[in-house]
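K.L.:
Two chains, two separate frames, one set of hints: put the complex together.
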Amino acid sequence: MKILIKKFGKINSSVLLLCIIFLVLELIGHRHGETSIEDFTFFPAFFGFLSCIIIFKIGVSLRSFLMKDEDYYDK
Amino acid sequence: MISNFPPGLIMIIGALLIPFLPHIIRQIYMMILVLISAYSLTLGFGIHSTINLMGFDFILFQADSLTLPFAIIFHIAAALNVIYGAHEKHWKQHVSIMSYSGAAIAAVHAGDLFTLFIWWEATAFTSVFLILAGNTYRSYKSAFRYILIQVTSGMFLLAGAIVLLINDGSALLTKFDINSLYGQLIFIAFGIKAAFPLLNGWLQDSYPEASEIGTVALSTFTTKLAIFCFAKCFAGTELLIVIGAIMTFYPIFFAVIENDLRRVLTYSLNNQLGFMIVAIGIGTELAINGAVAHAFAHILYKGLLFMGMGAVLYRVGTCKASELGGLFKYMPITAVCTIIGAISISAFPLFSGFVAKSLIMSALGKEGLVLVYFMLLFASAGVLHHSGIKIPFFAFFAHESGIKTKEAPLNMIVAMIIASALCILIGIFPSTFYQILPYEINYQPYDFSHVVGQLQLLTFAAFAFICLWHFKIYPPELNSTVLNSDWVYRKMLPGVLIPLLKLVEKMNQKFEWILRISFTRTKLFLSDTMLKNKVFDREVGSDTLIVVQIFTVFLILIFIGQFFK
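Residue numbers (our numbering), protein chains in the order written: chain U, 1 to 75; chain P, 1001 to 1565.
With the rest of the complex left out, here is chain P (with noise of 0.2 Å):
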């Protein structure tokens, strides 16, 4: 029975339980609950439960080729998030953790439109206390955006659901025809969660704001699912070229000038779901194993950054390239972790980066799209500026500044180990990973002309950045806010609504007085005419006046009338 039930599921009920344990007895709890989640994953490829309610058939774990990869990588960030949040000695974030994997993972399982909506809302309501969990008046009114952008991504799939539920007579989770309304309903509802372009804003917003246990589990689930659900319902999409080739080139120059390290971090995520989104347009099935390994492989290396970064926030209390430097002799564990995150989102050879990245572009090479495969690579050199460089240079090195702290605690430090190691073994045994990816593939990353090439590409790079600091053309960082999508919802429409409204009320009060004088002027003039000019006798009385009245307004009626005939 334990094996049909759907994997994630567990974690979401048993999650209850956490807040009754004591704190490390908690942890490994709820490690064993993620093992006996993953224990669903060695039950085959199928339909292995669905339930009726109310006459409709959901479709709870249903298992194939490609929500293998991600329920595989899923699994390990939950087991991961796990150990990096040990220290943390509150229930509060460990239930929202646990809850909001559980919903991922069950979200991956799902066969059919609601129920893959109801975990979809799931996802947004159990991991918003994560944001709040940053305990900032910021981070709470940014919770409050992230959860109304979430819930509206929810009501756009929820209406495409319906849409096809009318049109089809079923909702199952299959591909899907962008020229369809629910097509595009759905279309939009995944563009959101996947962060698309001027969809964005709330990524940034949000995920910095979020405490240092809850950011790198933000990275990995919500955007990775909407990259899964892309795949399964949008290959071969020919606007997803297009649009993710727009979102790997634009958070490049975001991420330059930004100075809050997390905040960077978004925006280098952002770019990387764009080659994901790119490899889903191709839909070849070079490309969907692409996008499928550079998921996989992203997860573990973009954990690895946040998780880095976080040590950094929980150690110092600021994550601010302006204000950080010279912790490399402090925190050294962290800063070479951070280094081998790095060093893999690069894409350097013998790491994860690497091979994932080289089959998309491979692909991009083979269906000849010159101009966005030269965008790639382009967004390649981009990465290795603000993420390979970046971020550790301003964290560990560049200045000194005068900071004095102790390396991370040591459950931060096995996680960061852990998830080091997994980034170099799947850049030294490709084959081995390439074997979970969804369809079967002959590739060779590691041929001459692509380990040089990228060598070449990547080491110009660094020098560049080598120059420009060592000349001091590069500006300094600065504290600062980089607008970004979010400005339109959170400065233009207000700036625009609120005078707007304003005006609308003192308008709607002077035309109320303007009303009300002229109503009382001609009342007073209709009784100064019938009184003083005796058009009415005082004997007539009221009742005639009515009976009067009454005939007028049929008189208009009936002359109005004329005009209708």
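If we strip away everything but chain U, and leave its shape as in the complex, we get (with noise of 0.2 Å):
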């Protein structure tokens, strides 16, 4: 633990941690989805890593042509 929070901080770890109390919450409880897809286990935890990844990349990539001088409206 000592070696990880030296390693990543305090606060990171704290969220790493809590990442893995929730995974555990749903060993322990039965958890289902508003839509039959969400039922997988540990799916909310895979969309949620892979959505902020996605919007990321996307993200990155409008850079190229969407982004401009800051005073590209004045010239």
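It is worth saying that the hints were derived from the structure and are not from the lab.
Careful, some of the hints might be misleading.
The calculated lysine-lysine pairs, modelled on DSS-like cross-linking and capped at a C-alpha distance of 30 Å, are [what the hints assert, rightly or not]:
{"hint": "1", "chain 1": "U", "residue 1": "10", "chain 2": "P", "residue 2": "1329"}
{"hint": "2", "chain 1": "P", "residue 1": "1406", "chain 2": "P", "residue 2": "1329"}
{"hint": "3", "chain 1": "P", "residue 1": "1502", "chain 2": "U", "residue 2": "68"}
{"hint": "4", "chain 1": "U", "residue 1": "75", "chain 2": "P", "residue 2": "1491"}
{"hint": "5", "chain 1": "P", "residue 1": "1329", "chain 2": "U", "residue 2": "2"}
{"hint": "6", "chain 1": "P", "residue 1": "1406", "chain 2": "P", "residue 2": "1089"}
{"hint": "7", "chain 1": "P", "residue 1": "1141", "chain 2": "P", "residue 2": "1092"}
{"hint": "8", "chain 1": "U", "residue 1": "57", "chain 2": "U", "residue 2": "68"}
{"hint": "9", "chain 1": "P", "residue 1": "1510", "chain 2": "P", "residue 2": "1523"}
{"hint": "10", "chain 1": "P", "residue 1": "1404", "chain 2": "P", "residue 2": "1472"}
{"hint": "11", "chain 1": "U", "residue 1": "10", "chain 2": "P", "residue 2": "1406"}
{"hint": "12", "chain 1": "P", "residue 1": "1506", "chain 2": "P", "residue 2": "1523"}
{"hint": "13", "chain 1": "P", "residue 1": "1406", "chain 2": "P", "residue 2": "1092"}
{"hint": "14", "chain 1": "U", "residue 1": "68", "chain 2": "P", "residue 2": "1491"}
{"hint": "15", "chain 1": "P", "residue 1": "1491", "chain 2": "P", "residue 2": "1141"}
{"hint": "16", "chain 1": "U", "residue 1": "6", "chain 2": "P", "residue 2": "1472"}
{"hint": "17", "chain 1": "U", "residue 1": "6", "chain 2": "P", "residue 2": "1404"}
{"hint": "18", "chain 1": "P", "residue 1": "1329", "chain 2": "P", "residue 2": "1472"}
{"hint": "19", "chain 1": "P", "residue 1": "1404", "chain 2": "P", "residue 2": "1089"}
{"hint": "20", "chain 1": "P", "residue 1": "1329", "chain 2": "U", "residue 2": "6"}
{"hint": "21", "chain 1": "P", "residue 1": "1491", "chain 2": "P", "residue 2": "1506"}
{"hint": "22", "chain 1": "P", "residue 1": "1141", "chain 2": "P", "residue 2": "1089"}
{"hint": "23", "chain 1": "P", "residue 1": "1502", "chain 2": "P", "residue 2": "1491"}
{"hint": "24", "chain 1": "U", "residue 1": "68", "chain 2": "P", "residue 2": "1141"}
{"hint": "25", "chain 1": "P", "residue 1": "1472", "chain 2": "U", "residue 2": "57"}
{"hint": "26", "chain 1": "P", "residue 1": "1472", "chain 2": "U", "residue 2": "68"}
{"hint": "27", "chain 1": "P", "residue 1": "1141", "chain 2": "P", "residue 2": "1502"}
{"hint": "28", "chain 1": "P", "residue 1": "1404", "chain 2": "U", "residue 2": "10"}
{"hint": "29", "chain 1": "U", "residue 1": "57", "chain 2": "P", "residue 2": "1491"}
{"hint": "30", "chain 1": "U", "residue 1": "10", "chain 2": "P", "residue 2": "1472"}
{"hint": "31", "chain 1": "P", "residue 1": "1510", "chain 2": "P", "residue 2": "1491"}
{"hint": "32", "chain 1": "U", "residue 1": "75", "chain 2": "P", "residue 2": "1406"}
{"hint": "33", "chain 1": "P", "residue 1": "1329", "chain 2": "P", "residue 2": "1404"}
{"hint": "34", "chain 1": "P", "residue 1": "1472", "chain 2": "U", "residue 2": "2"}
{"hint": "35", "chain 1": "U", "residue 1": "75", "chain 2": "P", "residue 2": "1472"}
{"hint": "36", "chain 1": "P", "residue 1": "1506", "chain 2": "U", "residue 2": "75"}
{"hint": "37", "chain 1": "U", "residue 1": "57", "chain 2": "U", "residue 2": "10"}
Quick caveat: nothing in here was measured; it's all calculated off a predicted structure.
P.N.:
Set out below in structure tokens:
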């Protein structure tokens, strides 16, 4: 644990800890979703992680043609 | 009599007195105005005030189960704005905010389209001064674009109202058919104010250019008034589900790359409006409750986030992620309140966003709209990314910017603490909150599945962000302009139209010259032919020439006339 905190920092390690707790919670109780697809084990966790990565990837790729100089409209 | 007075109107009339009052007394006076206006809400449901002008009954004050939650939150927001803006010594912005809030509240209580139109335009004309108060050349230009678009929306509304009046003989504010002409005109009017995809440019263009107080007020009223109107007139219109889903989806990517944190919040605002529009499109009682609950909660946490960023702007003079960072140690209370706003908008359990958004997600699940459901779930992760993490992280943590400042003024802190408390209270006591919604519901947001599912989604999305940041994959924020739909009328149209107009002008000049030359040459040729070749004797004179010319014209006309027989 100490190595983890040293490597990742306090806040980051606690987020990781929370992630693990919420995964364990699902194993203890029975979770079901609004749709049947969501009923897969750990579905929200995968979905959340992947969504964030996809958003980041698309966002970064959009930079090349949506991002202009700060004074673009003032020229 | 005072109880029959339409809510909001007292705020508009009372605002005229604000310039004559000294600084602090002014704030107390404004608070009293808000309280008097709110008193009218105790009158109950029904039509309370009409006025007959030019043979038309203007319904000024109509209350029902849908107007009540909007009226309550608009009054709360108006009161919070009074507190938040108390440090501003000049009267101009206060007059603007008070009359703008009043116009929005009055609009919610309008019973017919013409009354709505008057308040619709009033919200535009009163709020534009808040953008001008940004006091930069950019804000000045942006304010003009803002008012043009708002007035255009008003024109669509007026056109729709007139068509409806001609068709039906009345212009009551009721449910409209999207397949009719008036329905479509009114739909576009509402759509502009609700910042529909491709009509949204004004939102991201103007709000971040306003003053720190102005943006907080702006974020509350205009767009939520449009949401109210959609809920009232277009509930259950399926097209709204599609539009809403797109609205939740695409602003996320813009928000991720945007550098100005107040502009990030406007993209986030756009995305949140999408959730409400989807819910209105579903149109069931659960969904409409969801839309209203979300609008209510949204005004509080979005206002709170704008307050936090406004405080940073007020103290530091910039809201750019690339220039901020490490402000937590100087502005800890502002940071904590902003984080509460960020947690609320991300819909963490025990905060307002969760109890509101759950209604919409459940309504989607019940209707079996799986694709839209997952689009909104994806958007929920996006909200965490750009509003939940990006806003507080880049302003108060991230790298050390070297900026040294002090905590926000006391009045700002008080307003932020009240808004934070409301966000938490709504999250802890959802059943009390649900009582003000239009329809009675028996809904429990805190069940095991909801809570664990949402927590997993959010913590893992946050963990993904941490990984990207920790392993230095996340690119640094850059000073930049992100292109949006306003590019069409700010760059593309001028880029096409100006050269086109110049070309027309040039062609016009050239044609004029060619015509002149050919006319002179023809004249010369004719006179030469007539004189040199002796077609006419000099003695015949000009009178005969005129007669011959008239005769020739007649001959030509007779000749042409043969074709039309």
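K.L.:
Now tell me if each hint is right for this structure.
P.N.:
Results for each hint:
1. The hinted pair formed by residue 10 of chain U and residue 1329 of chain P meets the criterion: a straight-line CA distance of about 17 Å does not exceed 30 Å.
2. Distance check on the hinted pair: residue 1406 of chain P and residue 1329 of chain P sit about 9 Å apart at the alpha-carbon level, within 30 Å; holds.
3. Restraint check for residue 1502 of chain P and residue 68 of chain U: the C-alpha separation of about 27 Å stays at or below 30 Å, so the hint holds.
4. The suggested pairing of residue 75 of chain U with residue 1491 of chain P holds, with an alpha-carbon distance near 10 Å, which does not exceed 30 Å.
5. For the hint linking residue 1329 of chain P to residue 2 of chain U, the alpha-carbon distance of about 26 Å falls within 30 Å, and the restraint holds.
6. A threshold of 30 Å between alpha carbons decides the hint, and for residue 1406 of chain P with residue 1089 of chain P the separation of about 20 Å falls inside it, so the pair holds.
7. For the suggested pair residue 1141 of chain P and residue 1092 of chain P, the alpha carbons sit about 19 Å apart, so the restraint of at most 30 Å is met.
8. Restraint check for residue 57 of chain U and residue 68 of chain U: the C-alpha separation of about 19 Å stays at or below 30 Å, so the hint holds.
9. For the proposed pair residue 1510 of chain P and residue 1523 of chain P, the alpha carbon gap of about 20 Å is at most 30 Å, so the pair holds.
10. Taking the CA atoms of residue 1404 of chain P and residue 1472 of chain P, the gap is about 26 Å. The hint holds against a cut of 30 Å.
11. Proximity of residue 10 of chain U to residue 1406 of chain P is assessed by CA-CA distance (about 26 Å); at most 30 Å being required, the pair is judged to hold.
12. For the hint linking residue 1506 of chain P to residue 1523 of chain P, the alpha-carbon distance of about 26 Å falls within 30 Å, and the restraint holds.
13. A hinted pair counts as satisfied when its Cα atoms are at most 30 Å apart, and residue 1406 of chain P with residue 1092 of chain P qualifies at roughly 26 Å.
14. Between residue 68 of chain U and residue 1491 of chain P, the direct Cα distance comes to roughly 12 Å. Compliance with the 30 Å bound is thereby established for this hinted pair.
15. Between residue 1491 of chain P and residue 1141 of chain P, the direct Cα distance comes to roughly 14 Å. Compliance with the 30 Å bound is thereby established for this hinted pair.
16. Taking the CA atoms of residue 6 of chain U and residue 1472 of chain P, the gap is about 17 Å. The hint holds against a cut of 30 Å.
17. Annotation: proposed proximity of residue 6 of chain U to residue 1404 of chain P holds, straight-line Cα distance about 28 Å (limit 30 Å).
18. Taken as a hint, the residue 1329 of chain P and residue 1472 of chain P pair is honoured in the structure, with Cα atoms around 24 Å apart against an allowance of 30 Å.
19. For the hint pairing residue 1404 of chain P with residue 1089 of chain P, the CA-to-CA distance comes to about 25 Å; that is within 30 Å, so the pair holds.
20. Only pairs whose Cα atoms come within 30 Å are accepted, and residue 1329 of chain P paired with residue 6 of chain U is accepted, the gap being roughly 22 Å.
21. In summary, the hint linking residue 1491 of chain P to residue 1506 of chain P is supported, as the alpha carbons are separated by about 23 Å, within the 30 Å threshold.
22. About 25 Å separates the Cα atoms of residue 1141 of chain P and residue 1089 of chain P, which keeps this hinted pair within 30 Å; it holds.
23. Taking the CA atoms of residue 1502 of chain P and residue 1491 of chain P, the gap is about 17 Å. The hint holds against a cut of 30 Å.
24. This hinted pair checks out: residue 68 of chain U and residue 1141 of chain P have alpha carbons roughly 19 Å apart, not beyond 30 Å.
25. A threshold of 30 Å between alpha carbons decides the hint, and for residue 1472 of chain P with residue 57 of chain U the separation of about 14 Å falls inside it, so the pair holds.
26. With a C-alpha separation of about 23 Å, the suggested pairing of residue 1472 of chain P with residue 68 of chain U holds against the 30 Å cut-off.
27. For the hint pairing residue 1141 of chain P with residue 1502 of chain P, the CA-to-CA distance comes to about 24 Å; that is within 30 Å, so the pair holds.
28. Proximity of residue 1404 of chain P to residue 10 of chain U is assessed by CA-CA distance (about 25 Å); at most 30 Å being required, the pair is judged to hold.
29. With a CA separation close to 27 Å, the supplied pair residue 57 of chain U and residue 1491 of chain P stays within the 30 Å bound.
30. With a C-alpha separation of about 18 Å, the suggested pair residue 10 of chain U and residue 1472 of chain P falls inside the 30 Å cut-off, and the hint holds.
31. Between the alpha carbons of residue 1510 of chain P and residue 1491 of chain P the distance comes to roughly 29 Å, so the proposed pair stays at or under 30 Å and holds.
32. Of the supplied pair hints, the one linking residue 75 of chain U and residue 1406 of chain P is violated, its CA atoms being roughly 36 Å apart against a limit of 30 Å.
33. For the hint linking residue 1329 of chain P to residue 1404 of chain P, the alpha-carbon distance of about 9 Å falls within 30 Å, and the restraint holds.
34. Distance restraint check for residue 1472 of chain P and residue 2 of chain U: the Cα-Cα separation of roughly 22 Å lies within the 30 Å cut-off, and the hinted pair is therefore satisfied.
35. The hinted pair formed by residue 75 of chain U and residue 1472 of chain P fails the criterion: a straight-line CA distance of about 34 Å is larger than 30 Å.
36. Taking the CA atoms of residue 1506 of chain P and residue 75 of chain U, the gap is about 25 Å. The hint holds against a cut of 30 Å.
37. At most 30 Å may separate the alpha-carbon atoms for a hinted pair to count; residue 57 of chain U and residue 10 of chain U meet this at roughly 27 Å.
When the structure is compared with the earlier hints, violations turn up for hints 32, 35 and for no others.
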